[in-house]
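J.: The listed protein sequences derive, respectively, from chains U and S.
Heads up: the first sequence at position 103 corresponds to 103 in the working numbering, and the numbers run straight through without jumps.
Heads up: the second sequence at position 216 corresponds to 216 in the working numbering, and the numbers run straight through without jumps.
Treat the hints with care, since some could be wrong.
As the list claims (entries may be wrong) - One-sided and incomplete, this derived list gives chain S residues near chain U with beta-carbon spacing under 10 Å:
(1) 12
(2) 43
(3) 98
(4) 104
(5) 200
(6) 203
Claimed, not checked - If you want the footprint, here are the derived chain S segments under chain U, 3+ residues with CB under 8 Å:
(7) 213–222
(8) 243–252
Don't read these hints as lab results, they were simulated from the structure.
Glycine included, every Cβ here is placed at the ideal spot set by N, Cα and C.
One letter stands for each residue in the lines below.
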Amino acid sequence: MTAAIETVGLTKTYGQVRALDGLDLVVDEGSIFGFLGPNGAGKTTTVRLLTGLAHPTTGVVKVLGSRVRAGDTVGTGMGFLPDVPGFYDWMTGGEFLRFAGSLFGTAKPQLESRLDMLLDLAGLVDVKTKIGGYSRGMKQRLGIAQALINAPRLLVLDEPTSALDPIGRKEVLEMLASLRGRSTVFFSTHILADVDRVCDTVAIIDRGRLVVQAPMRDLKSRYASHKLVLEVTDGADALAAEIAAQPWAAAMVRAPNGAIEVTVSDMSIAQREIPVLVAARGLGLSRLEAGEVQLEEVFVELVGGNRR
Amino acid sequence: MTGVEFARKEVYEILRTWRIWVLPGIVLFFAISGPLLARFTPEIVGALVGNSLSGLKVPTPTYSDSYIQWIKNLSQILLIAVIIVYGGLVSGEVRSGTVALVLTKPLSRNAFITVKAAVHSLFLAVVVMVGALLTWGLTWLIFGTAPGGALWNATVAFLALGVLFVCVMTLLSSLIRSSAGAAGAGLGAYIVLAIAAIWRPLDDYSPAGLTTQPASLAAGKDVTATWPIATALVLAIALVALAGWIFRRQDL
Numbered sequence: 001m002t003a004a005i006e007t008v009g010l011t012k013t014y015g016q017v018r019a020l021d022g023l024d025l026v027v028d029e030g031s032i033f034g035f036l037g038p039n040g041a042g043k044t045t046t047v048r049l050l051t052g053l054a055h056p057t058t059g060v061v062k063v064l065g066s067r068v069r070a071g072d073t074v075g076t077g078m079g080f081l082p083d084v085p086g087f088y089d090w091m092t093g094g095e096f097l098r099f100a101g102s103l104f105g106t107a108k109p110q111l112e113s114r115l116d117m118l119l120d121l122a123g124l125v126d127v128k129t130k131i132g133g134y135s136r137g138m139k140q141r142l143g144i145a146q147a148l149i150n151a152p153r154l155l156v157l158d159e160p161t162s163a164l165d166p167i168g169r170k171e172v173l174e175m176l177a178s179l180r181g182r183s184t185v186f187f188s189t190h191i192l193a194d195v196d197r198v199c200d201t202v203a204i205i206d207r208g209r210l211v212v213q214a215p216m217r218d219l220k221s222r223y224a225s226h227k228l229v230l231e232v233t234d235g236a237d238a239l240a241a242e243i244a245a246q247p248w249a250a251a252m253v254r255a256p257n258g259a260i261e262v263t264v265s266d267m268s269i270a271q272r273e274i275p276v277l278v279a280a281r282g283l284g285l286s287r288l289e290a291g292e293v294q295l296e297e298v299f300v301e302l303v304g305g306n307r308r
Numbered sequence: 001m002t003g004v005e006f007a008r009k010e011v012y013e014i015l016r017t018w019r020i021w022v023l024p025g026i027v028l029f030f031a032i033s034g035p036l037l038a039r040f041t042p043e044i045v046g047a048l049v050g051n052s053l054s055g056l057k058v059p060t061p062t063y064s065d066s067y068i069q070w071i072k073n074l075s076q077i078l079l080i081a082v083i084i085v086y087g088g089l090v091s092g093e094v095r096s097g098t099v100a101l102v103l104t105k106p107l108s109r110n111a112f113i114t115v116k117a118a119v120h121s122l123f124l125a126v127v128v129m130v131g132a133l134l135t136w137g138l139t140w141l142i143f144g145t146a147p148g149g150a151l152w153n154a155t156v157a158f159l160a161l162g163v164l165f166v167c168v169m170t171l172l173s174s175l176i177r178s179s180a181g182a183a184g185a186g187l188g189a190y191i192v193l194a195i196a197a198i199w200r201p202l203d204d205y206s207p208a209g210l211t212t213q214p215a216s217l218a219a220g221k222d223v224t225a226t227w228p229i230a231t232a233l234v235l236a237i238a239l240v241a242l243a244g245w246i247f248r249r250q251d252l
């Protein structure tokens with residue numbers, strides 16, 4: 001599979017601040033790629049380097065097989081939505097889409113048919129006011145529509161759902177999911193639920209460095225191997241307290257149904273010792289299995305520790 | 001092709017925003033008020049001074065006074081308006097974020113800069129020419145005669161200065177993100193140019209001459225502004241090229 005995006009040793013410094021520090025990233029063509037990180041991690045800097053809006057201090061960026069040189073004309077295969085899209089307020093949504101399409105040299109009949117479809121997608125068909133009168137959500141939806149005007153092979157979106165209400169967010173995520181296999185979607189976000197919902201691959205960065213990059217399933221299973229869920233017939237509270245005190249128990253929480261969820265540092269020891277602790281208390285063990293991990297837990301484990 | 005589409009956007013932006021009111025409004029005001037002010041100057045002076053300076057003789061106004069008034073207004077007030085209006089020509093798009101959407105499409109940064117300088121120079125040319133035409137007609141109506149040569153020579157010379165300053169502002173607004181800062185630097189450039197014109201060789205052979213010679217041309221004096229016009233246009237092209245070079249190296 002070819003790479004839609006490839007960065008090698010990508011570094012960007014602003015004075016003494018290293019916003020991006022040797023980022024190596026490969027985004028496979030056709031994937032929906034979630035680019036996660038806390039605020040200030042370097043997500044927007046990465047996006048600006050990918051789109052040629054900023055110059056890297058060192059390192060190489062390749063997009064759709066071509067090296068990106070900031071300041072040069074970009075190719076026709078990419079669509080882009082910045083985190084806060086800026087529009088010409090005196091235009092209507094349709095006029096802006098027509099203008100955006102004309103910059104790609106799209107033939108007029110093709111442009112008009114795409115325009116209708118994208119205005120419909122953005123829910124702006126009946127909106128006749130100028131963009132200056134749009135709400136933030138309307139601007140965000142128009143921003144997504146303009147990013148799709150050239151039917152791009154690669155769609156780069158910086159925080160695409162942050163300004164949307166729950167219904168708008170759902171629609172945008174469904175739209176992104178519908179592009180699976182046809183276009184590559186690279187979107188940066190700090191909304192973990194969005195990534196969980198549509199992405200097949202995820203990268204997490206923190207303080208300008210790549211913390212992890214993996215297919216979503218692999219990432220979850222990797223961290224699921226550190227989580228156990230158990231249920232006992234009775235006396236769960238005392239058992240939970242005893243488990244929490246064990247050296248191999250990194251964290252313990254109680255589920256709403258009373259189950260004990262333990263994050264462990266050594267799975268083999270935990271699997272041996274938990275039944276012993278249950279038996280010593282004379283309790284009945286009704287469930288002991290590997291826990292299902294949410295992306296949020298992975299994210300907190302990888303990034304959250306550094307913030308405390 | 002993309003340059004043409006962007007140029008079309010710039011034209012529509014002029015026609016559909018405040019830009020269509022400011023420079024045309026100023027020029028229209030000067031085009032109408034210049035000939036009237038020239039014609040009624042003796043009456044205005046007489047009304048202001050009264051009998052206190054009974055020996056003062058105000059010369060009878062001629063069409064030439066109308067032309068001089070027109071050019072003085074352009075050189076002083078319109079040029080300052082051009083500097084202020086175009087202080088955010090490039091930086092305005094960077095600040096508003098529109099540049100991030102436009103330049104991630106197949107439009108080069110050079111084309112972005114060149115189109116802006118070209119469209120707004122053309123806009124200024126059209127506005128000033130229409131104003132000159134109006135001044136010409138009104139002068140003829142008021143004074144009964146209006147030989148065109150002096151007016152058009154002076155207007156063309158001013159236009160070269162105006163185009164130079166559109167290009168100066170293109171460069172400054174690429175360099176300085178604040179519109180007010182760029183306008184301040186533009187005013188500084190104008191003052192430097194006006195001071196440079198004191199030295200005769202610069203007045204004769206450089207764009208500095210365009211700060212003084214349009215008024216002489218309007219007065220019908222035997223001067224030629226060929227060198228200042230030619231050097232101003234060459235400098236304008238060089239400034240736009242420099243603006244493009246700088247803009248390509250910037251992080252947006």
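J.: Hints broken by the structure, by number, lowest first?
T.: Checked against the structure, the hints that fail are numbers 2, 5, 6, 7, while the rest are satisfied.
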